[in-house]
Amino acid sequence: MTENKVEALYQERLERYTTAIKNGKPDRVPIRFSIGEWAPRYAGYTLQEVYYDLEKQKEMVEKLMSNWDLDTIRGIGFGMIPPAMIDSMDLDFYHFPGMNLAENQSFQYNEKEYMKAEDYDEFIANPTEWVLNHYLPRISKEFDSPGSYRSNLALIKGSMAMQQFAGQLKEVNQEISRNLGFAPAIKGITKAPFDSLGDTLRGMKGVLMDIRRRPEKIKEACEALVPHNINYGLITGGGDTTIPVFAPLHRGAYPFLSPPHWEEFYWPTLKKTIEGLWEHGVSVTFFAEGDWTPFLERIAELPEKSIQFVVDQTDATQAKKVLGDKFCLIGGVPTTLLSYGSPEEVEECVKRTIDELAPDGGYVLDTGSVVMADARLENIEALIEAGRKYGKY
Amino acid sequence: MQEKNKEFVPEPGTCLSWEAKKAELEEVPGKEEIVKTSWDGLDKQAYSFIWWFVQR
Numbered sequence: 331m332t333e334n335k336v337e338a339l340y341q342e343r344l345e346r347y348t349t350a351i352k353n354g355k356p357d358r359v360p361i362r363f364s365i366g367e368w369a370p371r372y373a374g375y376t377l378q379e380v381y382y383d384l385e386k387q388k389e390m391v392e393k394l395m396s397n398w399d400l401d402t403i404r405g406i407g408f409g410m411i412p413p414a415m416i417d418s419m420d421l422d423f424y425h426f427p428g429m430n431l432a433e434n435q436s437f438q439y440n441e442k443e444y445m446k447a448e449d450y451d452e453f454i455a456n457p458t459e460w461v462l463n464h465y466l467p468r469i470s471k472e473f474d475s476p477g478s479y480r481s482n483l484a485l486i487k488g489s490m491a492m493q494q495f496a497g498q499l500k501e502v503n504q505e506i507s508r509n510l511g512f513a514p515a516i517k518g519i520t521k522a523p524f525d526s527l528g529d530t531l532r533g534m535k536g537v538l539m540d541i542r543r544r545p546e547k548i549k550e551a552c553e554a555l556v557p558h559n560i561n562y563g564l565i566t567g568g569g570d571t572t573i574p575v576f577a578p579l580h581r582g583a584y585p586f587l588s589p590p591h592w593e594e595f596y597w598p599t600l601k602k603t604i605e606g607l608w609e610h611g612v613s614v615t616f617f618a619e620g621d622w623t624p625f626l627e628r629i630a631e632l633p634e635k636s637i638q639f640v641v642d643q644t645d646a647t648q649a650k651k652v653l654g655d656k657f658c659l660i661g662g663v664p665t666t667l668l669s670y671g672s673p674e675e676v677e678e679c680v681k682r683t684i685d686e687l688a689p690d691g692g693y694v695l696d697t698g699s700v701v702m703a704d705a706r707l708e709n710i711e712a713l714i715e716a717g718r719k720y721g722k723y
Numbered sequence: 006m007q008e009k010n011k012e013f014v015p016e017p018g019t020c021l022s023w024e025a026k027k028a029e030l031e032e033v034p035g036k037e038e039i040v041k042t043s044w045d046g047l048d049k050q051a052y053s054f055i056w057w058f059v060q061r
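So the sequences go chain by chain: A and B.
Residue numbering for the first sequence is 331 to 723, as defined by our numbering.
Residue numbering for the second sequence is 6 to 61, as defined by our numbering.
Calculated from the structure, these hints are not laboratory results.
Where hints are given, some of them may not hold.
Unchecked claim - The following residues of chain B were derived to be distant from chain A, with all beta-carbon distances above 12 Å:
#1 Ala28
#2 Glu29
#3 Leu30
#4 Glu31
#5 Glu32
#6 Gly35
#7 Glu37
#8 Lys41
#9 Thr42
Said to hold, decoys possible - Derived DEER-like restraints, expressed as beta-carbon distance ranges:
#10 B:Leu30 with A:Asp399: 49 to 59 Å
#11 A:Glu443 with B:Glu24: 34 to 44 Å
#12 A:Tyr670 with B:Thr42: 15 to 25 Å
What the hints assert, rightly or not - DSSO-like cross-link-like pairs, simulated, lysine-lysine; straight-line CA separation at most 27 Å:
#13 A:Lys471 with B:Lys49
#14 B:Lys26 with B:Lys49
#15 A:Lys547 with A:Lys442
#16 B:Lys26 with A:Lys602
#17 B:Lys26 with A:Lys517
#18 A:Lys500 with B:Lys41
#19 B:Lys49 with A:Lys500
#20 B:Lys49 with A:Lys487
#21 A:Lys517 with A:Lys335
#22 A:Lys352 with A:Lys386
#23 A:Lys487 with B:Lys41
#24 A:Lys487 with B:Lys26
#25 A:Lys442 with A:Lys487
#26 A:Lys535 with A:Lys500
#27 A:Lys535 with A:Lys549
#28 B:Lys49 with A:Lys601
Backbone N, C-alpha and C fix where the C-beta goes; we use that ideal spot for every residue, glycine too.
Produce the complete structure using the sequences and hints provided.
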């Protein structure tokens, strides 16, 4: 394809996708898909090779996806996790193929209670300072003695590795758009404050115990996190008001928390974070993995078009009924189907999902959750082909 | 050095904003806007580096 044709294709796909995510009706249902750990083996690479070398990720996308007629992809960079930074800081909380794992092992997150209960007050008073001076030394074996030669070196190398990775990622994304015409799906990241607290700081066990033992501290910490989660989304997304910020949401899925606990601890500060980003014109892809059916009425209180709601195990009919007038819906195809189903079952599921969620627009076809490493290529291709076949308005 | 290490609470979105740094300087003889743009740009990158470890 000539450069002009690819540029025209890119603009057409961008228009299709951005119309849908604003709950409008484009020419056809946009198709979004993520590159991930399912891909390297089909392109002849190991997991380690593509994690460490973004150029190989670009080649992998070009090998596998050049002839795919989809609109937008996400996942280049495999979650924005720079292996060189993990290695140079010897981070305890991530284990990667290479220094810690065999070349084709999925990366592991080593969850611990890195933040102790007695740290709450200091964290609430000065979050950024606490993270740099107290949290980083606990998660980084090379940075465990701030001020020492090894620690100073770890900080220099770690930040250089991050910058290097970010620069390479930007170039690779631009080349993929330029060569294949795929529009970007997301730009930047934010989280629910309760997840920021529970995922990486207190850990799941710690934060769930805190609900019983020190509920007021959770609430104070989450309130302290709100402006940081807003700013993190703005900074990592570059303030882009066209492409949404991505919010992977974890403990908010039922039944991690009971509905009363969800109301008290999870929802208020997530709502504030989303509203804070929307005040800047930035929408959020509400990546609701799991089942969020009990909470749909509350989610419906968010400002119109401020989110795109991803349907995983949430009741799709209810999601359409409660949220469909205000927000774009994404997903609805179970990721397990791509691993354990057949192409025929995938096609049937896509048709059913489009029939249910796509009328009147405001829908993007995708899986409802992360595509696992054992997803089969023929099923992925069946999803995309079915999306084009049944997705015309 | 002790003055710099006194309790300092950066605004969300910043680590040490240009405004905070400027308060420590007697004057800025050159074009302040150029320094500010450079300083705040790098400060944002430092902020996103620090908070990356939490926002995983």
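These are the hints, each one checked on the structure:
no.: 1; hint: Ala28; result: holds, 18 Å
no.: 2; hint: Glu29; result: holds, 17 Å
no.: 3; hint: Leu30; result: holds, 22 Å
no.: 4; hint: Glu31; result: holds, 26 Å
no.: 5; hint: Glu32; result: holds, 28 Å
no.: 6; hint: Gly35; result: holds, 25 Å
no.: 7; hint: Glu37; result: holds, 22 Å
no.: 8; hint: Lys41; result: holds, 17 Å
no.: 9; hint: Thr42; result: holds, 15 Å
no.: 10; hint: B:Leu30 with A:Asp399: 49 to 59 Å; result: holds, 57 Å
no.: 11; hint: A:Glu443 with B:Glu24: 34 to 44 Å; result: holds, 36 Å
no.: 12; hint: A:Tyr670 with B:Thr42: 15 to 25 Å; result: violated, 53 Å
no.: 13; hint: A:Lys471 with B:Lys49; result: holds, 25 Å
no.: 14; hint: B:Lys26 with B:Lys49; result: holds, 14 Å
no.: 15; hint: A:Lys547 with A:Lys442; result: holds, 19 Å
no.: 16; hint: B:Lys26 with A:Lys602; result: violated, 30 Å
no.: 17; hint: B:Lys26 with A:Lys517; result: violated, 30 Å
no.: 18; hint: A:Lys500 with B:Lys41; result: holds, 25 Å
no.: 19; hint: B:Lys49 with A:Lys500; result: holds, 17 Å
no.: 20; hint: B:Lys49 with A:Lys487; result: holds, 18 Å
no.: 21; hint: A:Lys517 with A:Lys335; result: holds, 25 Å
no.: 22; hint: A:Lys352 with A:Lys386; result: violated, 34 Å
no.: 23; hint: A:Lys487 with B:Lys41; result: holds, 25 Å
no.: 24; hint: A:Lys487 with B:Lys26; result: holds, 25 Å
no.: 25; hint: A:Lys442 with A:Lys487; result: holds, 25 Å
no.: 26; hint: A:Lys535 with A:Lys500; result: violated, 37 Å
no.: 27; hint: A:Lys535 with A:Lys549; result: holds, 17 Å
no.: 28; hint: B:Lys49 with A:Lys601; result: holds, 24 Å
Checked against the numbered hints listed earlier, the structure breaks hints 12, 16, 17, 22, 26; every other hint is satisfied.
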